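2 protein chains.
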Amino acid sequence: MKDFNYSRIEDCKLISFDKNHRIKGNITAVNSGEEIPFEIKRVYYLYDIPGGEARGGHAHKNLKQLIIAGSGSFELILDDGFNSKKIRLSQPYEGILIPPGIWRELTSFSSGSICLVLASEIYLEEDYIRDYENFKNKKRKNSSNS
Amino acid sequence: MKDFNYSRIEDCKLISFDKNHRIKGNITAVNSGEEIPFEIKRVYYLYDIPGGEARGGHAHKNLKQLIIAGSGSFELILDDGFNSKKIRLSQPYEGILIPPGIWRELTSFSSGSICLVLASEIYLEEDYIRDYENFKNKKRKNSSNS
Chain A
1 MKDFNYSRIE DCKLISFDKN HRIKGNITAV NSGEEIPFEI KRVYYLYDIP
51 GGEARGGHAH KNLKQLIIAG SGSFELILDD GFNSKKIRLS QPYEGILIPP
101 GIWRELTSFS SGSICLVLAS EIYLEEDYIR DYENFKNKKR KNSSNS
Chain B
1 MKDFNYSRIE DCKLISFDKN HRIKGNITAV NSGEEIPFEI KRVYYLYDIP
51 GGEARGGHAH KNLKQLIIAG SGSFELILDD GFNSKKIRLS QPYEGILIPP
101 GIWRELTSFS SGSICLVLAS EIYLEEDYIR DYENFKNKKR KNSSNS
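Sequences listed follow chains A and B, in order. Quick note on the UniProt record's numbering: the first sequence kicks off at 1 and runs consecutively. Quick note on the UniProt record's numbering: the second sequence kicks off at 1 and runs consecutively.
If you are wondering where the hints come from, they were derived from the structure by calculation, not from laboratory data. Check each hint, because a few of them may be wrong.
Identical copies look the same in the list; a pair holds intra-copy or inter-copy alike.
[Unchecked claim] In the SDA-like style, the derived pairs of lysine to any residue whose C-alpha atoms are separated by at most 20 Å in a straight line are:
hint: 1; residue 1: Lys41; residue 2: Leu63
hint: 2; residue 1: Lys136; residue 2: Ser108
hint: 3; residue 1: Lys19; residue 2: Trp103
hint: 4; residue 1: Lys138; residue 2: Gly112
hint: 5; residue 1: Lys24; residue 2: Gly51
hint: 6; residue 1: Lys61; residue 2: Gly112
hint: 7; residue 1: Lys141; residue 2: Tyr44
hint: 8; residue 1: Lys19; residue 2: Asn5
hint: 9; residue 1: Lys24; residue 2: His58
hint: 10; residue 1: Lys19; residue 2: Glu53
hint: 11; residue 1: Lys41; residue 2: Glu121
hint: 12; residue 1: Lys24; residue 2: Glu105
hint: 13; residue 1: Lys141; residue 2: Gly52
hint: 14; residue 1: Lys41; residue 2: Asn137
hint: 15; residue 1: Lys41; residue 2: Lys141
hint: 16; residue 1: Lys13; residue 2: Ala54
hint: 17; residue 1: Lys41; residue 2: Ala29
hint: 18; residue 1: Lys41; residue 2: Asn31
hint: 19; residue 1: Lys86; residue 2: Gly51
hint: 20; residue 1: Lys24; residue 2: Arg140
hint: 21; residue 1: Lys24; residue 2: Asp127
hint: 22; residue 1: Lys2; residue 2: Gly52
hint: 23; residue 1: Lys19; residue 2: Ile9
hint: 24; residue 1: Lys19; residue 2: Gly51
hint: 25; residue 1: Lys41; residue 2: Leu76
hint: 26; residue 1: Lys19; residue 2: Phe4
hint: 27; residue 1: Lys86; residue 2: Leu14
Since the model is a prediction, treat every value here as computed from it, not as a measurement.
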């Protein structure tokens, strides 16, 4: 998976998992290092989000993640400092794999939705970039040096 | 955490996680080896379960797991071969930590519920005991040998 400097929108992959559909319900499984190319160090989930709400954006220096709409739907805005793309996630058996160096925002949550995130690192505040201009400058500077 | 032979109902712990309640929604995080005493090797979730439905029971020889009601609610029946206990899970910020050697069944799912499971091992069919009598015999035999 590409690092902070070289990651681009097209490196964010939509993965379809098996939904194992049965009459008693569906089950989707994600194994560390199998369906996703990293060990799962942290799992977090957003819930009780008011319909239509948005969550502030950020980027990661090293952390890789998989984002899943466990229930309901939301929009994911992905930005690599040069281009951006909007994707609607609405199926529990699909996830977006995001490399480091991608600005991400979550918007337009449906009522009752759940955003499930599997991450390659435990929480480390130094790994976050929370200012978009700072993010863009870093991406463009690194790109022009390469 | 106790192994297959020695685990009992009272070793199944209810853990309350931080819900980080904000006006824009809640976020709960579980870090490998921090909030739970194992590395997360597999994440799986049950969804689209018809209301009132049940999922067949099983026990694990080695696998440890944390079970969370990510949305809605369901009942968890825990059985150590000697005693059993029923617990209703209904809050996304609570989870039940289950050691190996505990028979578990999931019942009475509310419509739209999601059961999120974080597990200490990747999928291995040999780790499952799917026959309750076999499970009970193993637990009682091991206990009488000790």
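For each hint, the structure was consulted:
1. In this homomeric assembly, Lys41 and Leu63 come within 20 Å of each other (Cα to Cα) both inside a single copy, at 10 Å, and across copies, at 17 Å.
2. In this assembly of identical chains, the alpha carbons of Lys136 and Ser108 never lie at most 20 Å apart, being 24 Å within a copy and 49 Å across copies at closest.
3. Taking the closest pair of Cα atoms, Lys19 and Trp103 never come within 20 Å of each other, the shortest separation being 29 Å inside a single copy and 24 Å across copies.
4. Within a single copy, Lys138 and Gly112 get their C-alpha atoms no closer than 36 Å, and across copies no closer than 43 Å, so neither meets the 20 Å cut-off.
5. When the C-alpha separation of Lys24 and Gly51 is checked against a cutoff of 20 Å, the pair qualifies only between copies, where the shortest distance is 10 Å, while the shortest distance within a copy is 29 Å.
6. For a Cα distance limit of 20 Å, the shortest separation of Lys61 from Gly112 qualifies neither inside one copy, at 31 Å, nor across copies, at 36 Å.
7. In the homo-oligomer, the alpha carbons of Lys141 and Tyr44 never lie at most 20 Å apart, since the shortest distance is 32 Å inside one protomer and 40 Å across protomers.
8. Within a single copy, Lys19 and Asn5 get their C-alpha atoms no closer than 34 Å, and across copies no closer than 34 Å, so neither meets the 20 Å cut-off.
9. For a Cα distance limit of 20 Å, the shortest separation of Lys24 from His58 across copies, 16 Å, qualifies, whereas the shortest one inside one copy, 38 Å, does not.
10. Proximity of Lys19 to Glu53 under the C-alpha cut-off of 20 Å is restricted to the inter-copy arrangement: shortest distance 18 Å between copies versus 28 Å within a copy.
11. Taking the shortest Cα distances, Lys41 and Glu121 sit within 20 Å of each other both inside one copy (5 Å) and across copies (13 Å).
12. Taking the shortest alpha-carbon separations for Lys24 and Glu105, only the inter-copy value of 13 Å comes in at or below 20 Å, while the best intra-copy value is 34 Å.
13. Taking the closest pair of Cα atoms, Lys141 and Gly52 never come within 20 Å of each other, the shortest separation being 35 Å inside a single copy and 56 Å across copies.
14. In this homomeric assembly, Lys41 and Asn137 never come within 20 Å of each other (Cα to Cα): the closest approach is 29 Å inside a single copy and 36 Å across copies.
15. In this homomeric assembly, Lys41 and Lys141 never come within 20 Å of each other (Cα to Cα): the closest approach is 30 Å inside a single copy and 37 Å across copies.
16. In the homo-oligomer, the alpha carbons of Lys13 and Ala54 never lie at most 20 Å apart, since the shortest distance is 22 Å inside one protomer and 34 Å across protomers.
17. For the homomeric pair Lys41 and Ala29, the shortest alpha-carbon distances inside one copy (16 Å) and between copies (11 Å) are both at most 20 Å.
18. Taking the shortest Cα distances, Lys41 and Asn31 sit within 20 Å of each other both inside one copy (12 Å) and across copies (6 Å).
19. For a Cα distance limit of 20 Å, the shortest separation of Lys86 from Gly51 inside one copy, 18 Å, qualifies, whereas the shortest one across copies, 34 Å, does not.
20. Taking the shortest alpha-carbon separations for Lys24 and Arg140, neither the intra-copy value of 50 Å nor the inter-copy value of 32 Å comes in at or below 20 Å.
21. Taking identical chains as interchangeable, the C-alpha atoms of Lys24 and Asp127 are never at most 20 Å apart, the minima being 41 Å within one chain and 23 Å between chains.
22. Proximity of Lys2 to Gly52 under the C-alpha cut-off of 20 Å is found in neither arrangement, the shortest distances being 32 Å within a copy and 45 Å between copies.
23. Taking the closest pair of Cα atoms, Lys19 and Ile9 never come within 20 Å of each other, the shortest separation being 26 Å inside a single copy and 31 Å across copies.
24. With identical chains, the CA atoms of Lys19 and Gly51 are at most 20 Å apart between copies only, with a shortest distance of 19 Å across copies and 26 Å within one.
25. Taking identical chains as interchangeable, the C-alpha atoms of Lys41 and Leu76 are never at most 20 Å apart, the minima being 22 Å within one chain and 26 Å between chains.
26. Taking identical chains as interchangeable, the C-alpha atoms of Lys19 and Phe4 are never at most 20 Å apart, the minima being 32 Å within one chain and 30 Å between chains.
27. When the C-alpha separation of Lys86 and Leu14 is checked against a cutoff of 20 Å, the pair qualifies only within one copy, where the shortest distance is 12 Å, while the shortest distance between copies is 39 Å.
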